[in-house]
Each structure stands twice: as C-alpha cells, then as structure tokens.
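Number of protein chains: 2
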Amino acid sequence: MLDPFDDAHFMRKALMEAEAAYEKGEIPIGAVVVVADRIIARAHNLTELLNDVTAHAEMQAITAAANYLGGKYLKECTLYVTIEPCQMCAGALYWSQIGRIVYGARDHQRGCIEMGTKLHPKTTMEGGVMEEECSAILKRFFIEKRNLN
Amino acid sequence: MLDPFDDAHFMRKALMEAEAAYEKGEIPIGAVVVVADRIIARAHNLTELLNDVTAHAEMQAITAAANYLGGKYLKECTLYVTIEPCQMCAGALYWSQIGRIVYGARDHQRGCIEMGTKLHPKTTMEGGVMEEECSAILKRFFIEKRNLN
Numbered sequence: 001m002l003d004p005f006d007d008a009h010f011m012r013k014a015l016m017e018a019e020a021a022y023e024k025g026e027i028p029i030g031a032v033v034v035v036a037d038r039i040i041a042r043a044h045n046l047t048e049l050l051n052d053v054t055a056h057a058e059m060q061a062i063t064a065a066a067n068y069l070g071g072k073y074l075k076e077c078t079l080y081v082t083i084e085p086c087q088m089c090a091g092a093l094y095w096s097q098i099g100r101i102v103y104g105a106r107d108h109q110r111g112c113i114e115m116g117t118k119l120h121p122k123t124t125m126e127g128g129v130m131e132e133e134c135s136a137i138l139k140r141f142f143i144e145k146r147n148l149n
Numbered sequence: 001m002l003d004p005f006d007d008a009h010f011m012r013k014a015l016m017e018a019e020a021a022y023e024k025g026e027i028p029i030g031a032v033v034v035v036a037d038r039i040i041a042r043a044h045n046l047t048e049l050l051n052d053v054t055a056h057a058e059m060q061a062i063t064a065a066a067n068y069l070g071g072k073y074l075k076e077c078t079l080y081v082t083i084e085p086c087q088m089c090a091g092a093l094y095w096s097q098i099g100r101i102v103y104g105a106r107d108h109q110r111g112c113i114e115m116g117t118k119l120h121p122k123t124t125m126e127g128g129v130m131e132e133e134c135s136a137i138l139k140r141f142f143i144e145k146r147n148l149n
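Chains as they are written, first to last, in UniProt numbering: chain A, 1 to 149; chain B, 1 to 149.
Isolated chain A, as found in the complex (with noise of 0.2 Å):
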C-alpha cells in the first residue's frame, strides 16, 4: 500500500514554503516539522525581509515547533527541508535534539556535510527526497537575479 505520508510528501510541503520565500524574492529554501504525521511548523526563509541572518527557514521553523509543542527540544520530530542545512541550522538542530532530519538537495559549498558541524548523537540525517525540484528553484532564482542585476 501506498504510504500517503511519505517522505516525499513532506518535502513537497517544504518545497510550496521555499515558492513563497521565491515570491517574496528570498533565497528560496523551505521546512516543515512533522510529528506523527502531522505538520507542526511551516517556515522559509526570510533572511531579506526581516534584515537577519539568522531568519533561515529551519530556525524559524524550530522556533515555531517548540512553541507548538510547549517545550524546547523535538526529539520526536521530523524536519524536512528542501536544501541541506547550515552550520547555524544544524547547530539549533543539535541543540533541539530533533529525531530526524531530512533534506532535499545537498549544499556542498555552505553545508553542514562539507563544513563538518556535529549533529546531536541521537538525531539521523538523510537526503535527496526531491532532490531535482528543490535544486531547480534555487537555480531559477539565482539565474534570474544574475540576469536582473
């Protein structure tokens, strides 16, 4: 049986959050928080808008979640975000203690893989759920913005 609540439909969740951070002319990357199937946090990033650099989809979205769930740490969640965190992201994710994180496309430049940030011991990682799509809207809007400018 098709399972309705598939990784894959998490990340398209995150991926309509990285379209309104597009619409909005921000870098375009979204995440959910599920728990038990249900999605507790909505963010995308607003690094442009709220003039902050620490407005990154997943802090937000962290934030948002704890404030949902009455307590700091997430140990039983899922975030889904549509590109591989940040050193800052996957810091609050450490500190969050969340169970599983799960990304779409790989940053290699300003990733948590490639800079070697800790993830918590009990946190999983795991990537490339729509990999193609949530890599093909950040193209989209830094072709455009080079083009613009």
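Since the hints were made in silico from the structure, they are not lab data.
Careful, some of the hints might be misleading.
Same chains, same label: a pair holds when it works inside one copy or across any pair of copies.
Below, in silico cross-link-like pairs of lysine to any residue (SDA-like), each with a Cα-Cα straight-line distance of 25 Å or less [as the list claims (entries may be wrong)]:
1) K118 x R106
2) K118 x Q97
3) K118 x A55
4) K139 x G99
5) K24 x Y73
6) K122 x N51
7) K75 x G111
8) K118 x G25
9) K24 x K122
None of these values were measured; they are calculated from a predicted model.
We have chain A; now place chain B onto it with these hints.
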C-alpha cells in the same frame, strides 16, 4: 594612557548581561555588540523563558545589532560574549561576516573551537578576556542548580 574602551570594559558589559540571565534562572551567558566604541546591542541567554534552543545571547545580539544598523552584515562590529560561541552561534556569526569575536572563557565541550565550526574568512576571534569572572558565574549557576535537585 589607559584606554577606557578596552576589551575588558565591554566584557564587563557582557558580564552584566550574564548576571541578568542568572537572575532569571537562565544559564548565565551574556553578549554585547560594539561598533566604534559604542554598544549597539545587548542580550542574554533566554532559552528557558522563551522555550527556544535558538535564544542564545549571541543570536539575539546579532538580530538586534542588524536591526539597529539597518543592514544584516556586521563587518565593522565586535561581539563580546562571556563564553565561547557554540556551533549555532558561530554559524550565525559566519553569515553576519562580523569583524571580530571576543569571548571570555572557553567551552571545551560544546564550543565552536572543539566542534570545528568554520568562521568567516574576514572574522578574527580571540578569548580569555575576564575569563575567570565569565567562567565563575557559570560554575556558580550549575553548582546551585545541582544542589536544588
């Protein structure tokens, strides 16, 4: 001539923030952001009160400083923080392209040096300013906490 605005001067201000955290039952870590000998942001750890692992002193200070400056980069700024930044905060400081980081005491367990977090190539970092005082308030907090449990 003595410089009234030396590193110890600003670290004392960061320590006052750590004391404010202590009074609230928060892990006592404080930070200030300085540009041209002026403090433009002050913050202390609020992870318990805000129920949010991202509410470290440095994160709030970065957001507040960018808000004050009206731009998200802190290239001309120095961050003074009582304890060496963690992966998350060092990652945020990377994105901010901050000019200089000065910390009081090392965090040999979860600090960015031990964790191998990358700083921005334009950022310099030094430590050991008022190290004993910065370390002492943290030790006092954990001893008292242990005795309460």
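- Given a CA cutoff of 25 Å, do K24 and K122 count as a within-copy pair, a between-copy pair, both, or neither? Cα proximity of K24 and K122: none, with 35 Å in one copy and 30 Å across.
- How would you classify K118 and Q97 at a CA-CA limit of 25 Å: within, between, both, or neither? both (12 Å within a copy, 22 Å between copies)
- For the identical chains here, do K75 and G111 meet the 25 Å Cα criterion within one copy, between copies, both, or neither? both (22 Å within a copy, 22 Å between copies)
- Pop the pair K118 and R106 into one bin, within, between, both or neither, using alpha-carbon distances up to 25 Å. both (16 Å within a copy, 18 Å between copies)
- Query: At most 25 Å between C-alpha atoms: does K122 with N51 qualify within a copy, between copies, both, or neither?
  - Reply: Answer is between; shortest inter-copy Cα gap is 20 Å, intra-copy 33 Å.
- Task: Measure nothing new, just compare the shortest in-copy and cross-copy C-alpha distances for K24 and Y73 to 25 Å and report within, between, both or neither.
- Result: Between copies, since 20 Å is at most 25 Å while 30 Å is not.
- Message: Please sort K118 with G25 into within, between, both or neither, judging by C-alpha distance up to 25 Å.
- Response: Neither, since 31 Å and 28 Å both go past 25 Å.
- Are the CA atoms of K118 and A55 at most 25 Å apart within a copy, between copies, both, or neither? both (21 Å within a copy, 19 Å between copies)
- Classify it for me, K139 with G99: is the Cα-Cα distance of at most 25 Å met within a copy, between copies, both or neither? Close neither inside one copy (30 Å) nor across copies (30 Å); limit 25 Å.
Comparing the model with each earlier hint shows violations of hints 4, 8 and 9; every other hint is respected.
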